[in-house]
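Using the sequences and the hints given, assemble the complete structure.
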Amino acid sequence: MTGLVRLHTVAWGSLWFLVVVAFTAGVGVIQAAGAAGAMPPLTSPVEVVVENGTDQPSSAPVPDVLGAP
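Mapped onto the UniProt record's numbering, the consecutive letters of the sequence shown carry residue numbers 1 to 69.
Hints in this document: simulated from the structure, not taken from any laboratory.
None of these values were measured; they are calculated from a predicted model.
Glycine included, C-beta positions come from ideal geometry on N, C-alpha and C.
Please note: incorrect hints may appear among the correct ones.
[Said to hold, decoys possible] Cβ pair distances, simulated, as ranges: (1) Pro61 x Phe23: 38 to 44 Å; (2) Val29 x Leu7: 28 to 34 Å; (3) Gly13 x Gly34: 27 to 33 Å.
So, in structure tokens, the structure goes:
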């Protein structure tokens, strides 16, 4: 029975266990920070302006594509 459970198998299992625990803890910290309002929103203000339809035209000069003198 001892021959079936090798040392590297136990080591890999322990590593995966630590990875899963660290990932779960990280997700919990991010969710707690988001719930407390300590994180910025995931969408940028530019996207919000474009979605609301209040995007103002640019004040830059329009290039002359017809080649008028």
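Results of checking the hints against the structure:
no. : hint                      : result
1   : Pro61 x Phe23: 38 to 44 Å : 52 Å, violated
2   : Val29 x Leu7: 28 to 34 Å  : 33 Å, holds
3   : Gly13 x Gly34: 27 to 33 Å : 32 Å, holds
In this structure, the one hint that does not hold is number 1.
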